[in-house]
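This is what each chain is made of:
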Amino acid sequence: MTFHPWDADIRRRKFLELSLKGGAIIAAAPSVLSQFWACRTSPEAAGTAAVDPGLLEKAVAKALDKGGDFADVYVEHRVSRSILLEEGKYRSAVFGISQGVGVRVLAGDKTGFAYTDELAEVKILRAAEVASAIAQAPGASAPAVALKEERRPSYITVKVPLGDVADAKRLEVMMRAHQAALDYDKRITMASVDYYDEVRSRTIANSEGLLLRDELPLLFFIVQALGVGNGTSHMGRERLSRHAGFEMFDEVKPEDLARACARESIAMLEAKDAPAGKMDVVMQNGWGGVLVHEAVGHPLEADNIAKKIGAFTGKLGQKVASPVFTMVDDGSLPNFRGTTNFDDEGTPMKRNVLIREGVLEKYMTDILSARQIKAERTGNGRRESFRYIPIPRMTNTFIDTGKDKPDDILASTKSGIYVQSLSGGSVNPVTGMFNFTCREAYLVEDGKKTAPVKGATLIGNCLEVIRGIDAVGDDLDFGPGICGKGQAAEVTAGQPTVRIRGINVGGTRGR
Amino acid sequence: MDNKILADELIRTCLKKGADAAEIYLESGRQLSLEVRNGEVETVEEAATGGAGIRVFVQGKMAFAHSNDLSEVALENAAVRAIDFAKSMTSDPSNVLPDDKTSAEVEGLFDPEIAKIPLETKLGLAKAVEKEALKDPRVTKSAGARYGEGEEEVVIANSNGLLKTARSAACSYGVSVVAEKGEQKSSGGKSCSRRFFADLKKPGEIAAEASQKAVSMLDSKTVKTQRAAVIFHPDVAGALLGGIIGAIHGERVLQGASFLAKRLDQKIASDLVTIVDDGTMPKGLGSAPFDGEGVTTAKRVIIDKGVLKGFLYNTIVARRAGVQSTGNASRGGFRSLPGIGPHNFYLAAGASKPEDIVKATKVGLLLKEVTGYGINPVNGQFSGGAAGFWVENGKISFPVKGLTIAGTAEEILFGIDFVGSDLELERGTAAPTFRVKVLQIGGE
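If you read the sequences in order, they're chains S and C. Under the working numbering, think of the first position of the first sequence as 14, with each following residue one higher. Under the working numbering, think of the first position of the second sequence as 3, with each following residue one higher.
Hints are not guaranteed to be accurate.
[Stated by the list, open to error] Cross-link-like lysine-lysine pairs, in silico, DSS-like; alpha carbons within 25 Å at most:
#: 1; chain 1: S; residue 1: K123; chain 2: S; residue 2: K71
#: 2; chain 1: S; residue 1: K498; chain 2: C; residue 2: K223
#: 3; chain 1: C; residue 1: K285; chain 2: C; residue 2: K264
#: 4; chain 1: C; residue 1: K89; chain 2: S; residue 2: K102
#: 5; chain 1: C; residue 1: K226; chain 2: C; residue 2: K364
#: 6; chain 1: C; residue 1: K264; chain 2: S; residue 2: K102
#: 7; chain 1: S; residue 1: K291; chain 2: C; residue 2: K89
#: 8; chain 1: S; residue 1: K285; chain 2: C; residue 2: K264
#: 9; chain 1: C; residue 1: K133; chain 2: S; residue 2: K123
#: 10; chain 1: C; residue 1: K133; chain 2: S; residue 2: K291
[What the hints assert, rightly or not] Some, not all, of what chain C presents toward chain S, calculated at C-beta under 10 Å:
#: 11; residue: A67
#: 12; residue: Q268
#: 13; residue: G308
#: 14; residue: G312
The set of hints was computed from the structure by calculation and includes no laboratory data. Glycine residues also receive a C-beta, built at the ideal position from the N, C-alpha and C atoms.
If we strip away everything but chain C, and leave its shape as in the complex, we get (with noise of 0.2 Å):
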């Protein structure tokens, strides 16, 4: 059956059992994964699959259910379920749905030729990048390549009237190496996303970069416990952004389990910090033309120049916090209720070139990896397990591993005194280069 009638038919079988409102998700998907290794095929995986998504609402109260069975019979028993579960929940007013008929326009987020190009060519990429990385003398195993593709379409309707459907797909393939040289070992992975097959940046590159990350951590020392600048490349982007994502998170807000809670209007940044979240951005991993719960999805800036802008709303919160929906229903798939979430994610571009903010750092660590869950959005702390290069006279000396590195939001977000012009925007979530004048490192 078509996923529009089947939506349509749900609701008003909600409707009939006794929902006073009810939305229903429905996705279906393809995925293929396969995995190479030392040359050799060792995975193949895929699937089709889909499932159910049922919110229903009795007298305010709201429940859930869902449903990888698409039969008329689970899935009319999904519903009741729901609507029984519900009328145990507490009644609020802003338990409501949307009833924006609009959606964003958004470019390249389907690319048809993904699931023509044959299984061969997509072995060969693995195949490829993994030769290529181990091509480097002191890269001594593969610890394996792989490709991955997906496919999905999400239909969501509600009694409110609102109907959208939406199709994007998405490929990445990409190779982890280790290098060794005595008893060191030292491990380095890249890959790379895209929305188009043909925009998939070429094996050696990829196979470049995995490779010189596993090799150039050899040899690597420890420094003295000190306080020193901290460059963050664009692959520790999370270690701040994730802390930020989680304290402009709505609900946490509302609830005061942020430490931007009572920050709006007001400046929690150094002047060169701009942050914006983009759900229209085209051919954009985290694009989409309506949220998870078919909300128009917009362009926003979060942070300008250091002074704080606002929050991210789904629509439940949103009228709790007597604002209006922003446009960031996050869903995990059909399984799970709409929560809030951003789309692209990025602290936008400065004008510093990289190699010159190193330059301008006298003594300090270029930080290429951090571990650990990054910036406490609750109030604010950080401290991570840290390792990359040190700077010594605006040059790298040499790398380092197995060092702390600690501070708080603010010291961070205030301390960020160069943002490099380098901004890629190869996952949700990504920042240029950029420097915090003095964090405290801990080591030997």
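Just chain S, same shape as in the assembly (with noise of 0.2 Å):
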């Protein structure tokens, strides 16, 4: 449900637009291991939102004026860097500067927000007073708030910052993913690669007393091949991304991430049609589990729950899902793509077990969410930058670790299809009606992968699915992505390998 007036139709290059947002650029980041706010020595960090805690403290009390009960000032600054490459060409560089403060007033169930690129006092107090009207209760001023800085254990470590990186190096990470991919077959026509980084600081001030401060590093690569050859084309796609320093090109080689997407390509140039109707699916593992991201995780996000309409709407401790079937939400994960060290209202990150054998034990909440719902907050208020309200949002989210070996899984299947990657998908989170396009899958006959079928998208129903779930593997892994729901956020996904029983495809050939 989107209402912008400014927001056509989604593009295809909309979407790698929005992709990169999600995950972007750097300069000059100190390290994110020392999180003392004094610390900025790069010249790009120089006035950053450094806004002292005495107009802090005002800011609260003015947004609390006019008889809020929860206020929240949230100070950000975003420094970024994007480069792209493609036909072999550097085409563009993008460097990027943000700023700003969000001012949001709780008064009961209603939210009153207003935010300003401006970093004045006059400015961040006129923000203050325009999102304090929500609340109609004059004269009922709060008590002043006295804000006391905390200091939280960090789950991002670095070991090359991303400040300390020549733009050389950059470049170089690029060229070689680049010739990877083309070098990996003479019907890899074209390849592109996108670079991003960023490093974003926060503070986070409330009138619970609350005063945080941090700065997340954050790297996105996606490479892109296209393949040319039997009468068709295919752009395979590859993707990674960590809160981490320049190591994560020691750790994950971007040859090998170029190889995988190039093989994609070449694969997908022999797919036949694929069937149509309902199946069994085996889904390999890693960014497949965007499937349950989409179909159970935005339903278990507790904003549609508090309204009463979401497809989970009074089901806790009841059983919803296959016994084999655990599902979990984990901002906390080293160095992930979802991870923060607390989210951008201040909560904790921590492991939530979403469902537990089946059984439904919590809801992703944030702050509003978990008042509303009387839960626990869950560390899941997010918030895409100062400009957005926080709500509630997935982190690092999976299918946890299994027993049966993925190979059984498959050899056990006597027909349907083998999903190795996913693109993307979307759910209604009131029906639980959702959708998945396929990259790259397979046919499966009498246990066997077979021949490879063309893009298909998969639907279902969230309930259906997760008591169609009857295999779960013991080789989880995960993958980076972005979120959208009105605002875009960067998660992973993950899952082992799994199997799904009788979920309808949607192929261009009937049985």
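Take the two lone chains, each set in its own frame, and fit them into one complex as the hints suggest.
Printed below as a string of structure tokens:
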């Protein structure tokens, strides 16, 4: 449901731009290990969001002036770099600086919000005043809040800070990936590499007296390769992203990523028409977890539960999935793309088991929805930037590891589809109807992976799909992505190899 | 400072600091967003915002910097960063800026009244549309009603002497509801976006469509896997047009990453298919006097009675392809380099009444919702989730959901055998009702 007046239909290209937005650029970022706000030495960090605690206290007080019962002030500074290498040319480079302050006020179930690009006291207090107007109980002025700065453990370690990396190093990893993709096969006619890094610094102050600051580096690297042959073409894609330093490229070789991408492009040139209708689906470990991210994760975000319209409303404590199915959201996995030290409302990150052996245990909350459904704060209050209010969002979401051997899962599947990777998908969180598009998929015949099939859509209902999962492998793995819910968020999705019985596959060939 | 003067000074700064050419894109605007649920205000968001995008060229090498800090120091720093960054890029003789001094005359892009209308009136609209939508007893819950508006002013200036400004505004509101019956849940939403506040549809009309969408899908069934006719409702125009837009993207065409790359001036669709891109339509949501780098917009026929007539280009990609810019440089705001995108993009109306298209269909699917990515612009493959109504003997028989439809762009484009007369330019991308003679439908 989008009502933004400027929001025309999302175009393919825009999707790519959006995907970069979620993930990208850098500049002399101080090490994230040093979480003191004073340590900004790089020129581009000069004049960063160093709003002093006294002003934050004033802004919080102003925000509550009309009778609000909770307020927070979110100060953000982001420096980003992105580079595009395409057809052997470094086409463009983008350097970005974004800063601002968002002030939010809660009054019962109501939210008032305003933001400013300018860090001047008068602008911040003006934003607080605009946001405060949501409450209509003047005179009920809250007691002054004394902010106390807190230190939190860091889940993000950096060996090579992005700020210490010369641009030439960035260009080099890009060209290595580009060359490796072209070298893979003559039928790869074009390759492109998108590089993005950023450092985002956050200051969060709220009327509970919390004051937190930190700095998060982020790297996002996307390789695409076009395979042409056999009268068709296929654009393969691989992504790599972490909250980490440049050592990411020592741990995962850009060449390996590029070759994986090129392999997909070539393999899919042989693709045949996919069958249509209900069949069993085996999903390979990794990014395929986006299926449960969409189908189950979104319906477990507590905003729609609080409105009593979500597909899982009223099902807490009930058996909703097969007993082999356990699903977790964990924003504290070291250096993962969906990890932060605390969410954008200051709640600590932790491992949240959402569904344990088929039983629904927990919804994912932000401060507002936690209050509305009288549940704990789970650390899922996230925002795209200071321009957005925080809402319940996933972090690193996955089907937990199981006991089956991946080979046995395939061997025991008589016929169906083997999905090696998915492009992405979406869900209606009310009805639970979801859809996914396969990037790379194969027919399963007599327990074996056989011919590749053209990009088919998988559709189903969230409650049915998690009851239909009857085998879970022991090979848990993850992939990075961008989640859109009116705002973009960096996430990972993961799963071991799993089998789902009876999913509707949208192929072109009747059976 | 006046934004025109600011842009001019910034260009001079870029040239002084080592750029051979420079472009400044300044944006300033205001936004308001309201949410109402169960008759109560739930969220009020307000902001005034803006920023600068600075594109520089150094010996044919291109880079860009953006900043929402408009202080002199910050902007100069951003310009210097961009110039330094450019030096690492690859030189390309196509990296040029436009010098087009003309702009299209486009009426009705800015409504000065929107800002003057009191907040209470806007809240009233959202409350009214929700209340009306909840009138049907089968509608059990509101998922919220919203009102949103935005105004912006853009200044584009470059070192070729181009300097243009444009103001625009838009507003929209709508509602989303849930219908329940036993364990069944069905959701439906409808919104209306306009350039002028006074042109917004009445709450009753929007509410009726939203609740009808939710209610009509209760007791839906599925059908057997089969090949049958598919009638595309105007709501699912994007399933066809999205893939076409991706495939006529000038850069993808040059790269061979488009199923239409080698089809210029060839027949690619049935005679009934005419597709237009128009940046000049009065009050159009996709209209603008000039594109994202200041090139004047126009009305262009992209597919003429089934024959592909052209692609979309910005200045640089056009130069690379040896053609002129088509005025299709798109910007996602001051933070983005110019990309390529359409303006008002639509399938032209045909002669058939929508009800006659249903009447002419012996067995088929009236498609009201498609999920997924639509047509893949690289290879033309199409597959999606589908919901709507089953048509038997020329009549709507029962609601269906949980189906899939699949085919190729070629099957769809050549298979179009009816185009409706019911084109409404409700969005930037639009189509009337049209029928594809036969597509694969996946069900039980």
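Taking the hints in turn, this is what the structure says about them:
{"no.": "1", "hint": "S/K123 <-> S/K71", "result": "holds, 22 Å"}
{"no.": "2", "hint": "S/K498 <-> C/K223", "result": "violated, 29 Å"}
{"no.": "3", "hint": "C/K285 <-> C/K264", "result": "violated, 35 Å"}
{"no.": "4", "hint": "C/K89 <-> S/K102", "result": "holds, 13 Å"}
{"no.": "5", "hint": "C/K226 <-> C/K364", "result": "holds, 16 Å"}
{"no.": "6", "hint": "C/K264 <-> S/K102", "result": "holds, 24 Å"}
{"no.": "7", "hint": "S/K291 <-> C/K89", "result": "violated, 55 Å"}
{"no.": "8", "hint": "S/K285 <-> C/K264", "result": "holds, 23 Å"}
{"no.": "9", "hint": "C/K133 <-> S/K123", "result": "holds, 19 Å"}
{"no.": "10", "hint": "C/K133 <-> S/K291", "result": "violated, 40 Å"}
{"no.": "11", "hint": "A67", "result": "holds, 4 Å"}
{"no.": "12", "hint": "Q268", "result": "violated, 16 Å"}
{"no.": "13", "hint": "G308", "result": "violated, 22 Å"}
{"no.": "14", "hint": "G312", "result": "violated, 17 Å"}
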